[in-house]
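Line by line, the protein sequences give chains S, R, Z and H.
Throughout the first sequence, residue numbering follows numbering that gives the first Met the number 0, covering 0 to 403 in sequence.
Throughout the second sequence, residue numbering follows numbering that gives the first Met the number 0, covering 0 to 403 in sequence.
Throughout the third sequence, residue numbering follows numbering that gives the first Met the number 0, covering 0 to 403 in sequence.
Throughout the fourth sequence, residue numbering follows numbering that gives the first Met the number 0, covering 0 to 403 in sequence.
In case anyone wonders, no lab produced these hints; they're calculated from the structure.
A few of these clues could be false.
Which copy is meant is left open, because identical chains are indistinguishable; a pair holds if it fits in one copy or across any two.
Below 25 Å or equal to it, Euclidean Cα-Cα: the simulated PhoX-like pairs (lysine-lysine) are [stated by the list, open to error]: (1) K393 x K16; (2) K233 x K316; (3) K274 x K393; (4) K274 x K28.
All of these numbers come straight from a predicted model, not from anything done at the bench.
Protein chains: 4
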Amino acid sequence: MNVFLTKKLEQVLPKIKAILDEHIYPLEKQYLTLPFSKVASKLKEVREIVQQQNLWNLHLSKNHGGLGFDLVEFGQISELLGTSPYGHYCFNCNAPDIGNQELLLENASDYIKETFLKPLIKGESRSCFAMTEPDFAGSNPVNMGTTAMKEGDSYVINGRKWFTTAADGATFTIVMANTNPTAENKYQKASMIIVPMETEGLEIIRNISIMGEENDSCFSHSEIQFTNCKVPIKNLVGNENEGFKLAQQRLGPGRIHHCMRWIGICERAFDLMCKRAVSRQISDTEKLGHKQTVQNWIAESRAEINAARFMVLHTAKKIDEVGAKEARIEISTIKFYVANVLMRVLDKAIQIHGALGITDDIILSFWYRHERGARIYDGPDEVHKSALARQILKGYGLDVVKRG
Amino acid sequence: MNVFLTKKLEQVLPKIKAILDEHIYPLEKQYLTLPFSKVASKLKEVREIVQQQNLWNLHLSKNHGGLGFDLVEFGQISELLGTSPYGHYCFNCNAPDIGNQELLLENASDYIKETFLKPLIKGESRSCFAMTEPDFAGSNPVNMGTTAMKEGDSYVINGRKWFTTAADGATFTIVMANTNPTAENKYQKASMIIVPMETEGLEIIRNISIMGEENDSCFSHSEIQFTNCKVPIKNLVGNENEGFKLAQQRLGPGRIHHCMRWIGICERAFDLMCKRAVSRQISDTEKLGHKQTVQNWIAESRAEINAARFMVLHTAKKIDEVGAKEARIEISTIKFYVANVLMRVLDKAIQIHGALGITDDIILSFWYRHERGARIYDGPDEVHKSALARQILKGYGLDVVKRG
Amino acid sequence: MNVFLTKKLEQVLPKIKAILDEHIYPLEKQYLTLPFSKVASKLKEVREIVQQQNLWNLHLSKNHGGLGFDLVEFGQISELLGTSPYGHYCFNCNAPDIGNQELLLENASDYIKETFLKPLIKGESRSCFAMTEPDFAGSNPVNMGTTAMKEGDSYVINGRKWFTTAADGATFTIVMANTNPTAENKYQKASMIIVPMETEGLEIIRNISIMGEENDSCFSHSEIQFTNCKVPIKNLVGNENEGFKLAQQRLGPGRIHHCMRWIGICERAFDLMCKRAVSRQISDTEKLGHKQTVQNWIAESRAEINAARFMVLHTAKKIDEVGAKEARIEISTIKFYVANVLMRVLDKAIQIHGALGITDDIILSFWYRHERGARIYDGPDEVHKSALARQILKGYGLDVVKRG
Amino acid sequence: MNVFLTKKLEQVLPKIKAILDEHIYPLEKQYLTLPFSKVASKLKEVREIVQQQNLWNLHLSKNHGGLGFDLVEFGQISELLGTSPYGHYCFNCNAPDIGNQELLLENASDYIKETFLKPLIKGESRSCFAMTEPDFAGSNPVNMGTTAMKEGDSYVINGRKWFTTAADGATFTIVMANTNPTAENKYQKASMIIVPMETEGLEIIRNISIMGEENDSCFSHSEIQFTNCKVPIKNLVGNENEGFKLAQQRLGPGRIHHCMRWIGICERAFDLMCKRAVSRQISDTEKLGHKQTVQNWIAESRAEINAARFMVLHTAKKIDEVGAKEARIEISTIKFYVANVLMRVLDKAIQIHGALGITDDIILSFWYRHERGARIYDGPDEVHKSALARQILKGYGLDVVKRG
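Kindly produce the complete structure, drawing on both the sequences and the hints.
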C-alpha cells in the first residue's frame with residue numbers, strides 16, 4: 000500500500016527493475032573498484048537497451064520527449080535507479096546532467112538548446128556544473144571569487160572551481176561567475192555561462208582524490224582553473240546577474256532526486272542487511288538474525304527509511320502543487336534528515352556484515368565512502384538546520400539576521 | 000499543505016482548537032500539579048460545552064452517534080486533543096474509555112451494551128481495562144496468572160492486576176483472565192469479562208505512585224486484587240477464550256490514537272520551544288533563538304515530528320483501507336518510533352527553557368514524567384523492534400521462533 | 000584495583016556503607032514520595048550515629064575538625080553518599096551547606112564564623128545560597144538585577160532570586176547582589192552578603208514546584224523576594240565587589256562533589272539494572288539478562304560510568320595539586336559529560352525495569368525527575384561546551400569574544 | 000598534568016615527536032593514496048634514523064634490547080606513533096609484528112627465536128598472523144575450519160584464512176589451525192604454527208580490496224589458501240593444542256596498543272579540527288570556531304577523548320600490575336568504547352572540514368576508511384558488549400550460558 004504509487008509507475012517500475020537485475024547490478028562487483036571509464040562500454044550497451052525500451056529520459060515532460068512523470072513519480076523512479084551507482088547514468092538522468100537539462104530547458108536560448116542541450120538529451124554528450132570554490136564556504140553560494148568580465152562580444156572568465164562533478168570527459172560546463180562583482184545586492188552578482196571544456200584558458204588541474212580514489216569520467220570531481228578563458232556572450236544562460244536565482248531554481252527538484260536516490264541506497268542496504276541476517280550462522284542453532292541487536296538495527300532502519308521516504312514524497316508533492324519556492328522549508332528539512340538516515344543505515348548494514356562489510360566484495364563500502372559527502376554537498380547539515388530554524392523562528396517574530 | 004486534511008476536518012478542527020484555547024489550556028497551570036479530582040468539576044463544564052457544540056464522541060461512526068470520521072481523520076483530531084492532558088477527556092475519547100467503547104460496540108451482547116456501554120457513551124460513567132500483572136512481563140499478554148473459573152452461572156476471578164489506568168472512580172472494569180488456563184494454544188486461554196468496580200472481591204490496593212505522584216480518578220493507575228470475585232457469565236465480552244483476539248483487535252486503532260496524541264504533545268512542546276527561543280534574551284544583542292545549538296534542536300525536532308506524523312497517518316490510512324491485521328508491521332513501527340521522537344522533543348524543549356523547563360510553571364515537566372512510560376506501556380520499544388524485525392526476517396525465510 | 004583508593008579511604012568507606020545499608024536505604028521507599036520534613040526526625044537519628052562514629056564533616060580539613068581528606072578522597076566519599084538522596088545530609092555535607100562552609104572557612108570574618116558558620120558545622124542550622132534570578136540567564140552569573148546598596152551601616156537589598164535550594168527552613172542565606180551595579184568591570188559588581196532568613200524584607204514567595212512536587216526543607220528550591228531588606232555591613236563575606244571571584248572559587252570543588260554524587264547515583268542504578276536482569280523471568284528459559292539489548296545497555300553503562308569516574312577523579316587530583324583555577328577546562332568538561340552519562344544510565348535502568356521503573360516502588364524515577372536538572376543547574380550543557388571549546392580554541396589563536 | 004607521565008617518557012616522547020614532525024608527517028600527503036610499497040624506501044630511511052637514535056623496538060623489555068617501558072608507558076608511545084599511519088612501522092612496532100614478537104619471546108623455542116624472531120626484531124623481515132576465516136564468525140576464534148594434521152615430522156595444513164594483515168611481502172606467518180579438531184574441549188583444538196610464506200601449498204589468493212583499495216605490503220589484508228602445506232613440527236609455537244591460550248595472551252596488550260593508537264588518531268583529528276575552526280572564514284566577521292555547533296563538537300570530542308584515554312591507561316596499569324587475565328573485563332570495555340569514540344571524532348573532524356574533509360588533501364578520510372574496521376576487527380562491538388555484560392551478570396548469579 001503506497002498512496003504515491005500511480006498506474007504509470009506500476010507499468011514502468013518493473014521494467015526498470017528488470018534492467019537493473021539483468022544488466023546493471025551484475026556489473027558492480029567487478030567494476031566498482033575500477034575507474035568509471037573501465038565500465039563505460041558496458042554501460043553504453045545498457046543505455047541502448049534503455050532507449051530501445053523507451054525508458055530514456057524519464058525525467059522529461061512529454062513535450063520534451065519524456066513520459067511526463069511528475070516529481071512524486073520521478074522521485075520513485077530515482078529511488079529505484081539509486082539502488083545501483085550506475086542506475087541514473089544508464090537512464091540518462093544522472094547528476095549533474097539532469098539538473099543541467101532542466102535548467103537549460105527552462106532558461107536557455109534556442110542557440111544553446113540546439114548546440115548544447117540537444118546532444119545532452121540524446122546522450123551523446125556529458126556536461127558539468129562549476130560552482131563551488133576552494134577558497135569560499137560552498138554552503139554560501141553568494142560568496143565567490145570567479146569573475147566573468149565582458150570584453151566586446153565575450154566574457155573573460157578567471158577563477159578556480161572544485162568539486163565539479165563529472166568534468167572529466169564532459170563536453171561543456173555551466174560555470175557560475177560574478178558578472179557584476181561589485182553589485183550591492185549580493186544575490187545579483189553572478190551569472191551562469193556555458194563554457195565548452197576545450198576552451199582555451201580552462202584547465203582541469205586534477206580529478207580530486209576523494210576517500211582514496213581519483214576515479215574519472217562520471218565519477219570524477221575535478222578542480223578547474225579558468226585563466227582569461229573567453230567565451231561568446233551568447234553562451235549566457237538566462238539573464239545576466241541572475242545566476243543565483245537560477246541556482247535556487249535548480250536546487251529544489253535536485254534535492255528530491257538526491258534524497259530519493261539515497262532512499263534507494265537505503266533500501267538496497269536494508270535488503271543486504273536482511274539477507275545477511277538470515278544466512279550468517281553464528282552458532283549451531285543461531286543465525287545473526289536471531290540476535291536482538293541485529294533485530295534492533297533492522298527495526299530501527301526500517302522505521303527510519305519509511306519515515307524519510309514519506310517525508311520526501313510529501314515534499315515532492317508540495318513542489319508539484321505549489322512550486323519549489325513555497326516548499327523551501329520542507330526541502331531544507333529532507334536534505335539533512337535523509338542524508339543522516341542514509342549514513343546510519345549504511346553503518347548498520349556494514350556492521351552486520353562484519354569484516355565482509357568493509358571489503359569491496361559487497362557494495363556497502365562503496366557507498367560508505369562515496370556518500371559520506373551527502374551530509375556536506377549541497378550544503379552541510381548545519382547550514383540546512385540553521386536555515387530551517389531561522390525560517391521557523393521568523394514566523395515567531397525573531398529577527399532573522401544570521402547570528403551565530 | 001496536508002494531503003490528509005479533509006473538508007470535514009477543516010470544519011471541526013478550528014472548533015476544537017477554540018475550546019482548547021478558551022476553556023482547557025487555561026486550566027493546566029493551576030490544576031496539573033493537583034490530583035485529577037480537583038479539576039473534575041471544571042472539566043465537567045467543558046464537557047457540556049463540547050456536547051452543546053456537537054463535538055462529543057468524535058471517534059464514533061455515524062450510526063453510533065458520531066460524525067463518522069475515519070482513522071486518518073480521527074488521528075488528526077487526537078493529535079489536536081493531545082496538546083492538553085485534559086483534551087481527550089473533555090471530548091469523551093480518553094483512554095481506556097475510547098478503547099472499551101470500540102471493543103464493546105463490536106463485540107458485546109445487547110445486555111452489556113445497554114447496561115455498561117450506553118452510560119459510557121453518554122459520559123455518565125467511566126471504565127477501565129485490567130490486563131497487565133505485576134508478576135508477568137506485560138509485553139507478553141499471553142502470560143497471565145489471573146483466572147476466571149466457571150461456577151454455575153458465574154465466573155469466579157482470582158488474581159492481581161496493576162497499571163489499570165483510571166480504575167479509581169470507574170464504574171466497571173474489563174478484566175482479562177484465563178478461563179481455560181491449561182489450553183494448549185496459549186492464544187486461547189483468556190477471556191474478557193466485565194466486572195463492576197463495586198463487586199465484592201475486587202479491591203483497589205492502591206493507586207500506584209508513579210514518578211512521584213499517585214494522582215486519582217482519570218489520572219490514576221491502580222493495583223487491583225481479585226479474590227473470589229464473582230460476576231455473572233453474561234458479563235463475558237465476545238466469545239469465551241477469545242480474549243487475546245479481542246485484545247489484538249483493540250490495539251491497532253489504539254496505537255494510532257496514542258501516536259497521534261504524542262505528536263500533539265510534540266507540537267505543543269515545539270511551539271513552546273520556538274516561543275522561548277524568540278523571547279529569552281541571553282545578552283544585549285542575542286536571544287536564545289540566535290544560538291546555533293537552539294537552531295539545531297528546532298530543526299531536528301521539526302524534521303522528526305514531520306517524519307513521525309507522516310508515518311502514523313499513512314499507517315492509519317492502511318488500517319482504514321485493509322484493516323489493522325494487515326497493518327501489523329506498520330503499527331509496531333510507529334509505536335516505538337514515535338514514542339522515542341516524543342521523548343527527544345520533550346527533552347530538547349526542557350533544555351531550551353533552562354531551569355524554568357523543569358518547573359511546573361510550564362507544562363513540559365508534566366509530560367516528561369507522564370510520558371516516559373510511552374516507551375514502555377503497550378509494549379516496550381525492544382519488544383516492538385524485535386516483533387517488527389522478526390516479521391521482516393520471516394519474509395526472508397528466517398525461522399521466526401523467538402530466540403533472544 | 001583503583002589507583003585513587005587510599006588507606007584512609009579503605010578504613011572509612013566500609014563504615015559509611017554500613018550506615019547506608021542499615022539506616023539510610025531502608026528509609027527511601029517510604030519517605031521519598033513525601034516531603035523532606037516527614038523524614039527529618041528519622042534522619043536526625045542517623046546524623047547522631049554518624050557523629051558518634053566520628054564520620055561527621057568528612058569534607059573538612061583536620062584543623063577544622065575533619066579527617067583531612069583531599070578532594071580525590073572526598074570525591075569517592077561523595078560518590079558513596081550519593082547512592083542515596085539522604086546520604087550527604089546525614090553526613091552534614093549536603094549542598095549548599097558544604098559549599099557555604101568551605102566558602103566561609105576561607106573568606107569570612109571571625110564574627111561570621113562564630114555566628115553563622117559554627118552552628119552549620121555542628122549541624123545545628125542549615126543555610127542556602129541565593130544567586131540565580133528568574134529574569135536573567137543563570138548560566139551567566141555576571142548578569143544580575145539584585146542590588147545591595149549601602150545605607151549607613153547597612154546594606155539594603157532589593158531583588159528576586161529563585162532556585163535557592165534548601166531555603167525553606169534555613170537559618171541564613173548567602174545572597175549574591177550588586178554592590179557596585181555600574182562598575183565597568185562586570186566581574187566586580189557583586190558581593191556576597193549573609194542574610195538571616197527571618198530578616199524583614201526577605202520573603203519566601205514559594206517553594207517552586209519542580210517535576211510535580213514542591214517538597215520542603217532540604218529538598219525545596221525557593222523563590223525569594225528581597226524588598227528593602229536591611230542587614231549590617233559586617234555580614235559581608237570577603238571583600239566588597241569580589242562576589243564573582245568567590246563564586247568561582249566555590250564552583251570548582253562543588254562540581255567535583257556534584258559529579259561524584261552523580262556517579263554514585265549511576266552505580267546504584269547500575270546495580271539495580273543488574274539485579275533486575277538476573278531476576279526478571281521473561282519466558283520459561285530466559286531472564287532479561289539473557290537478552291542482547293539488555294547486555295548492550297549494561298556494557299555501555301559500565302563503560303560510560305568508568306570513563307566518567309576516571310575523568311572526574313583525575314580532575315580532582317589536578318585541583319588538589321594545582322588548584323581549581325588551573326583546572327578550569329577539566330571542570331567544565333566533567334560537568335556536562337557526567338550529567339549526560341547520568342541521564343543515559345538512569346534512562347536505561349528505568350527501561351530495563353519496564354512499568355516498575357516508572358513507579359515509586361523503586362528509586363529510579365526519583366532521580367529521573369530530580370536529576371534532569373543536572374544538565375541545567377550550575378550552567379547548562381551548552382554553556383559549558385562553549386566555554387570549553389573557546390578555551391581550547393583560544394590556545395589555537397581564535398579571538399575568544401563570544402560569538403554565537 | 001598527567002599522572003601517567005614518567006620521567007623516561009618525558010625524555011623519549013619529544014624525540015619521537017621530532018621524528019614524526021620532521022620525517023614522517025611530511026610523507027603522508029603524497030604517499031597515503033598510493034600503495035605502501037611506494038613509500039617503503041622513504042620509510043626505510045626513517046627506520047634508520049630511529050635506530051640511530053636508539054628508539055628502535057620501544058616495546059621490548061631491557062633484556063630483549065628495549066628500554067623496558069611498561070604497558071602504561073608504551074601505551075603513551077603507541078598513542079604518539081598512532082598519529083601517523085606510518086608511525087608504528089618506522090619504530091618497528093606495527094601490528095602484527097609487535098604481537099608476534101611478544102608471542103615468540105614468551106613462547107617460542109630457541110630454534111624459532113633464532114630463525115624467525117631475530118630478523119623480526121632487527122627489522123630485517125616482516126611477519127603476519129593467520130587466524131580469521133571467511134566461513135566462520137571471526138568473533139569466535141574457537142570456530143575454525145583450518146586443520147594441521149601431523150604426518151611424520153610435519154604438520155600438513157589445509158584451510159582458508161583471510162584478513163591476514165601484512166601477509167603480502169612477509170617472511171613468515173603464524174597460522175592458527177586445529178591440531179586436534181575433535182577435542183571435546185573446544186579451547187584445546189588449535190595450535191599456532193609458523194609457516195614461511197614461500198612454503199609450497201601456501202598461496203596468497205588476493206590482497207582483499209577494502210574500502211576501495213587493495214594496497215600492498217604492510218597495508219595489505221590477504222586471503223590465503225593452505226593446500227597440503229607442509230612444515231616441520233619444530234615450527235610449533237608453545238605447546239600443541241594450546242593455540243587458543245596463546246591467542247588470549249596475545250590479545251590483552253594488543254588491545255592496549257590498538258586503543259592507544261586510536262587515541263593518537265583522535266588527537267591528530269582533534270588538532271586538525273581546531274586548526275580548521277580558527278582558520279576557516281565563513282563570513283566577514285566569523286570563523287568556523289565562532290559557530291556554536293563547532294564548539295559543541297570540539298567540547299564533546301575533547302571530553303570523549305579524555306575519558307577514553309584515562310580508561311585505557313588505567314586498564315594498562317591493571318595489566319601491568321595483575322596481568323591481562325585479571326583485566327579481561329576492562330579490556331573488553333575499552334575495545335568497543337574507544338573504537339566508537341574514534342569513529343565519532345573522525346566523523347566530526349570531517350564534517351568541520353566540509354568538502355575538504357572527504358578529500359585526500361588531508362588525512363582524515365584515510366582513517367575514516369581504514370578505521371571503520373576498528374569496530375569489527377578483534378571482535379565486533381556487539382561481541383565485546385555481550386562478553387562484558389555476561390561477566391558482570393555472572394557476578395550477580397546469572398547463568399552465563401550464551402543465550403541470544
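Which numbered hints fail: 2
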